[in-house]
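Using the sequences plus the hints, can you model the full thing?
Heads up: the sequence lines are chains A and B, in that order.
If you read the first sequence in this note's numbering, its first letter stands for residue 1, the second for the next number, and so on.
If you read the second sequence in this note's numbering, its first letter stands for residue 1, the second for the next number, and so on.
None of these hints come from the bench; they were simulated from the model.
Owing to the predicted nature of the structure, the values given are computational and were not obtained by experimental measurement.
Some clues are possibly wrong.
Pair by pair, the computed Cβ-Cβ distance ranges are [unchecked claim]:
#1 Ala294(B) - Gly124(A): 38 to 48 Å
#2 Thr314(A) - Lys128(B): 45 to 55 Å
#3 Arg127(A) - Ala294(B): 27 to 37 Å
#4 Thr79(A) - Lys128(B): 19 to 29 Å
#5 Glu218(B) - Val67(A): 20 to 30 Å
#6 Ala310(A) - Glu218(B): 28 to 38 Å
#7 Glu44(A) - Arg7(B): 42 to 52 Å
#8 Ala316(A) - Trp301(B): 51 to 61 Å
We treat Cβ as the ideally placed atom computed from N, Cα and C, and that holds for glycine.
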Amino acid sequence: MREAALLSVRGLAAHFVTRAGTLRAVDGVDLDLASGEVLGLVGESGCGKTVLALSLMRLVEPPGRLVAGSITFDGNDVTAMDTRTITRLRGRGMGMIFQQPRTSLDPVIRIGNQIAEPLISHAGMSRAAAAREAIALLEAVGIPGAEAKARAYPHELSGGQAQRVMIAIALALKPRLLIADEPTTSLDVTVQAQILALLRERCRALGTALILVTHDIGVVAQLADRVAVMYAGRIVEQGPVGDIFAAPAHPYTQGLLQSAPVLGRRRERLAAIEGNIPDLSRPIPGCAFAPRCDHRPTMGERCDREMPPALAVTPAHAARCWRLATP
Amino acid sequence: MGGYIARRILLVIPVVIGILLLTFMVRAVIPTDAVTAMYEGQITDQEAEATTALIRAKFHLDRPWYIQFGYYVRDVARGDLGESVRLRRPVSEEIGYRYLNTLWLTLSALAIGIGIGVPAGIIAAARKDTWMDVTAMTVGLLGISMPAFFFGLLLILVFAVWLQIVPVVPRGGAALLLPALTLGLIEAAPISRLARSGMIEMLRRDHIRAARARGMSEAAVIMRHALPGTLLGILTVVGLQFGQLLGGAFIIEVIFGWRGIGELAVKAIQWRDFALTQAIILVSAGSYVAINLAIDILYVWIDPRVDYTRA
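Right, here's the structure in full:
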């Protein structure tokens, strides 16, 4: 059995309510994460993975809001926290880095001062101490000439350097969880691997758990202990990385794996999943993947009418597919 | 950065020459002959002819225009703006204290405008779509739509006639209160709307979300991460208003009897006092250019991203 969960999400829903209708970006997500664990959250664009990531820190902005469910972090209910408590949690307990590192830094504030911010407001450091610590943090994320770079402005950094700075900020106070939302998508391929290696190294060194949000299944294979596959606002499959890659149980995961290029395996063309992701502004009573599923014709109408629960494949591996209910 | 500033200052030269040419042309455009205006109805025709020739020579009016322009530029450079036809004393003397009066009025009005407009805009943005936002923006819209003269009269009615806080014809510092309040409140309207839209736009940026994600309080997010960029956007507009007000708020100065450049300009035109009119235009335009230059330089100084390798 796994150790006590660091993060436990139950039935979480985040909807965007506008005049045009309600967009169910996250619609009933269950998720567990142990201390120090690396979870890969995979899915294609628009499946709600970024909104889910933001929801965990209560960073979803209007018109979006959390409408249902609970987030338990370190024994505390995040959804019930007042402003002061959630601010402290974001400062010390959780960190987040984003897809666009350069625009995620304040353009008119020097790098060093931005790193020092949480140190001053959440660790009570003096300005001078925070400035020294900022330089040490820059060195820890592998920025050469850290002392000079601390005085630089964000526009003077490359994308890779900016993401290193973001990592330094997010990990400044040794949080127990880091959420990385597509941290390498906007970076050059050569830099991507460096940033991923840095993420793994820093998280291991600090004992920080990592939720890696990505559409790149290859990145997940490299880094994650466990994988959660997201489709249309729900987690459709969740389990240890080895199980998921060796024996994917959900047809969507199977399609996802077949559509990824694998080194050393020769194939004429990559398989594509036919069809498009469903319209999230309409309620989906059954399995959201049914219209694109190869098994739908043999499975019958149950797939359209009833949403499959998370069914166990092995004790640690579950998928939301009716095929698992019929032996 | 030094190179940029130097180039920016060099760019002012053609503008200044343009202004000098235009103000110089005022003489030609004014419907009455300047000399006639000076002595009209005061002397006989024979006397007039003799003196006219004399005066024409004195003002170099008998020379070609470009020579006249040369004299004009030389005089302006020396600080000699000519003699007022009506007041019979150097224009620079009259304009000097008038300019100071207008400067005081402008600075007070801008202080009021920024002091009210910026906080109102920030609150409206931070509390977007609440009653505070709606109230601030409705009042702001009212301020933009209301003509300055009407608003000025309204303030006189309220403060001087009904509440009797200030006399209807005040003296000294009290005299500054109502015109500054009128202009300030009117300036506050566009400033608040700009501050609001700038702040709302700012709050949508990635770095604001990132600042929240690192546990910055909402106050710190607004004051430290969103406000500087917003103020940068407002700076341009405040600069334009500053330049405009320095040219004289004609109507407000006349209504409140504030002896500034604007009030003087109205008189100068009524008097057909070409030297005075010319000087007022010159000073107003000059202020505008100077303020714009100052704002551009201020930008480079505040915003590290402004590319100062290209002018």
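- Task: Starting from the range 42 to 52 Å, see whether the pair Glu44(A) and Arg7(B) falls in it by beta-carbon distance.
- Result: Cβ of Glu44(A) to Cβ of Arg7(B): about 50 Å, so the range 42 to 52 Å holds.
- Task: With respect to the beta-carbon atoms only, verify the hint that Glu218(B) and Val67(A) lie 20 to 30 Å apart.
- Result: holds (22 Å)
- Item | Hint check for Lys128(B) and Thr79(A) - Cβ pair distance inside 19 to 29 Å | Because 23 Å falls inside the window, the suggested range holds.
- Measuring from beta carbon to beta carbon, are Ala294(B) and Gly124(A) in 38 to 48 Å? holds (41 Å)
- Query: When you take the CB atoms of Ala316(A) and Trp301(B), is the distance between them in 51 to 61 Å?
  - Reply: holds (59 Å)
- Query: Measuring from beta carbon to beta carbon, are Ala310(A) and Glu218(B) in 28 to 38 Å?
  - Reply: holds (37 Å)
- Message: Quick check on a hinted range of 45 to 55 Å for Thr314(A) and Lys128(B), using CB atoms only.
- Response: holds (49 Å)
- So does Arg127(A) sit 27 to 37 Å from Ala294(B), Cβ to Cβ? holds (32 Å)
In summary, the structure agrees with every hint in the numbered list given earlier.
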